[in-house]
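From first to last, the protein sequence lines stand for chains A, B and C. With the working numbering as the guide, the letters of the first sequence map in order to residues 1 to 347. With the working numbering as the guide, the letters of the second sequence map in order to residues 1001 to 1431. With the working numbering as the guide, the letters of the third sequence map in order to residues 2001 to 2077.
Quick caveat, the hints were computed from the structure, so don't treat them as lab data. Honestly, I wouldn't trust all of these hints.
To be verified - Which residues of chain B face chain A? A few of them, derived with a C-beta cut under 8 Å, are:
#1 ILE1041
#2 GLU1044
#3 ASP1045
#4 ASP1267
#5 ASP1310
#6 GLY1337
#7 VAL1341
#8 ASP1351
#9 THR1353
#10 SER1356
#11 VAL1362
#12 GLY1370
#13 VAL1376
#14 LEU1428
Unchecked claim - Per label pair, the in silico range of CB-to-CB distance:
#15 HIS244(A) - LYS1274(B): 23 to 33 Å
#16 PRO151(A) - ASP1017(B): 39 to 49 Å
#17 GLU298(A) - GLY1337(B): 44 to 54 Å
Just so you know, even glycine gets a beta-carbon here, dropped at the ideal spot from N, CA and C.
The residues making up each chain are set out below.
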Amino acid sequence: MLKVVHYINQFFANVGGEEMAHIPAELREGNVGPGLAFQQAFGDEAQIVATIVCGDSYFNENMEEAQKTIINMVKELQPDLFIAGPAFNAGRYGVACGTIAKAVKDQLNIPVLTGMYKENPGADMFKTSLYVVSTKNSAAGMRDAVKKMAPLALKLAKGEKIGASSEEGYMPNGIRKNFFDTERGSKRAVKMLLSKLADKEFETEFPMPDFDRVAPNPAVKDITKAKIALVTSGGIVPKGNPDHIESSSASKYGKYDIDGVMDLTEATYETAHGGYDPVYANLDPDRVLPVDILREFEKQGKIGSLHRYFYTTVGNGTAVKSAKAFAAKFAQELKADGVDAVILTST
Amino acid sequence: MEVNGLKLELGYIFIKDIQFAEKSKVENGTLYVNKEEVKAIILEDQNFKSADVELAKPGESVRIMPVKDVIEPRVKVEGPGGIFPGMVSKVETVGSGKTNVLKGAAVITTGKIVGFQEGIIDMTGPGAEYTPFSQTNNLVLVCEPIESLKQHEHEKALRFAGYKVAMYLGELAKNMTPDQVDTFETPTLVEGIKMYPELPRVAYVCMLQSQGLMHDTYVYGVDAKQTISTLIYPTEMMDGAIVSGNCVSACDKNTTYHHLNNPVVHDLFAEHGKTLNFVGVIITNENVYLADKERSSNWSAKLAEYLGVDGVIVSEEGFGNPDTDLIMNCKKIENKGIKTVLITDEYAGRDGTSQSLADADVRANAVVTGGNANEVIELPPMDKIIGHVEVADVIAGGFDGSLHADGSITAELQVITGATNEMGFNKLSAR
Amino acid sequence: MVKEIERAGIPVVHMCTIVPISLTVGANRIVPTIAIPHPLGNPSLTLEEERDIRRNLVGRALRALETEVTEQTVFEK
Chain A
1 MLKVVHYINQ FFANVGGEEM AHIPAELREG NVGPGLAFQQ AFGDEAQIVA TIVCGDSYFN
61 ENMEEAQKTI INMVKELQPD LFIAGPAFNA GRYGVACGTI AKAVKDQLNI PVLTGMYKEN
121 PGADMFKTSL YVVSTKNSAA GMRDAVKKMA PLALKLAKGE KIGASSEEGY MPNGIRKNFF
181 DTERGSKRAV KMLLSKLADK EFETEFPMPD FDRVAPNPAV KDITKAKIAL VTSGGIVPKG
241 NPDHIESSSA SKYGKYDIDG VMDLTEATYE TAHGGYDPVY ANLDPDRVLP VDILREFEKQ
301 GKIGSLHRYF YTTVGNGTAV KSAKAFAAKF AQELKADGVD AVILTST
Chain B
1001 MEVNGLKLEL GYIFIKDIQF AEKSKVENGT LYVNKEEVKA IILEDQNFKS ADVELAKPGE
1061 SVRIMPVKDV IEPRVKVEGP GGIFPGMVSK VETVGSGKTN VLKGAAVITT GKIVGFQEGI
1121 IDMTGPGAEY TPFSQTNNLV LVCEPIESLK QHEHEKALRF AGYKVAMYLG ELAKNMTPDQ
1181 VDTFETPTLV EGIKMYPELP RVAYVCMLQS QGLMHDTYVY GVDAKQTIST LIYPTEMMDG
1241 AIVSGNCVSA CDKNTTYHHL NNPVVHDLFA EHGKTLNFVG VIITNENVYL ADKERSSNWS
1301 AKLAEYLGVD GVIVSEEGFG NPDTDLIMNC KKIENKGIKT VLITDEYAGR DGTSQSLADA
1361 DVRANAVVTG GNANEVIELP PMDKIIGHVE VADVIAGGFD GSLHADGSIT AELQVITGAT
1421 NEMGFNKLSA R
Chain C
2001 MVKEIERAGI PVVHMCTIVP ISLTVGANRI VPTIAIPHPL GNPSLTLEEE RDIRRNLVGR
2061 ALRALETEVT EQTVFEK
């Protein structure tokens, strides 16, 4: 029977939500939370002997310490396989899963597997160094995730040959593997063209190398004369969230007037972001959007001026395409308003 | 009745077996071949000092190497011209009337190595899965050139031997009633617009390898190096208007068989009048000069726009510098507001991590792949070799030590004829 | 969002805690911050001490904006 160790976060272990994201790594016996689903899928072939539960914020803010502790836990257990997540679209969780899985793989030479949604920042970071199964974007996709992850996990544990990404369910990792499709290439091409002509979604069989880097703009010549604008993905909004920006998967952004506002306070502003513990940001929103300091610099002549509008959205599970579209739009407004530079803060 | 455009009825006579016999004929699905008559045809060309003819059938433990070309026997039954116009037949425009096909049979040319890129066809085993010619009943021509025959002459002699034998076999089907008839019709541009005003207009851009010895293609007998991008009816291709003089690397070589059976043409015809209007075919070459590449791709984009199409499928032939032609065609056609889907193959290295194409562009966002040609395959020993085994080490995709003492071969997929075909002939893909 | 602002021709500095993500999304000027729920603060300190940190980080962000870069650059100090 193959031995498996499973890594999950505080939420999936039912310890708590954001308010418990600071808990350090702890070792539990057997399967916890989604581990049960994995265990059922493994049947007699493998057993989750232990589960490591760790808070997402704790992991990300204490990466060295957390990794050391967890590696030692895993080392003692000597499993045949290490599974992390699935993290779906939770950014910190995805980064934690990828980081710890890679550490286990590199340091302990144990086969590892994780899973998350393709837009999870952890995906791009880790899909080329380990197998990352592509999941749906929320925990509602747990069954689908386990269905894909369990068989691949067993293959990895047994040292079997792994096929092409589309066959096995992992994110294309830059290693091209041949496989026999069900239809011949010309037919696939005709179908792809019909989809492309109808503006329907299609998937290319060979993505071009990613070109989307934007060259850095020239530095600001004289910052003491510059108009600086603030933008945030941390979801800072006027108290009451008048425009109802969603706490996750934002469908809009906000543009707010801070003319005459010297400082963001608990009474006047709050955060709409549902992806991090809001307590600190609500108590003092300057901790996410540093209006107080920029006003200070403005008075002291360190900057020319703070732009009267700030832009905000919630970067929690918001589709990349959406965020891109928001920014493309308000970037034009910023330009029209003569903004010289932008400070963008994220949580 | 007057037909505007070209209409061709392809009649298939299904061949399930091939045998040597006293008299060449087709009977009950078996192709009977008189060996001596075939040899005589080959030896008409005095550049050959000897010739042999062998059979290779599906499932047999037979390896054919080095393969130069594969040709399907066809014959004109009705309508102007003859098969392989400008090469073996006169230059009369083909592609209309009736043509019979010995479906399931193929002529394969092989012989002393000419250059680097001839290939391997295994009739059984893992290698057989990668080539369509492990499924055909093959008549293999083993031709030995006279001493000190120049390479260009050798290649030409072998090329013509293949066509002539294919013609000879095709003639056997001339007066037969086909088992199945498929009809293909391309109306003129104006007629087509009237017939299918609602359907998206699609053209096929067929790129032809044109880079010199062992890398050439011929259109009605004209060396593709010397052509300017132009239009051709898809049914002309079915009568052999385009033939192969190349084996770029065996895996992505379009054999004459591939040209005759162009799968993009067939799959577009299958949708013609239903989900799209298959307007026609643009052929364009892949020369070695940058100016030629610019000229040809400018021209194919110009023609695509002129045809008023909404989308095109572009098939490449070969790899390396032709990747630049592929991307140029893609960019320029996309810039005309016409959507493209490209069919190519990949050279992503043995471990699959290298950049698959030599050139790239963000507009090439719809790509079908015939697979990574660098993937290594183990070919087990076969009971019989037709041709010359020792060339394994030097054909493209082979390496020093490819051929093992026991007769097995370790080499890249590159060596297998048609393995990563970029017309989309096969089901092989990659992710 | 950072790339779109950059694309529009405005120099932008990304202040964030998870630097690897910022690198992946393509920010060119990056300033690492304190923690996810309070990138520009530290609730375990006094308000005055927090402001000092904030001043320091924002100052660094401005310096990043004043610095010519040719590739993605993380401003650690």
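Exercise. Looking back at the hints listed earlier, which ones does the structure fail to meet?
Worked result: Of the numbered hints given earlier, those the structure breaks are 1, 2, 3, 6, 13, 15, listed in rising order.
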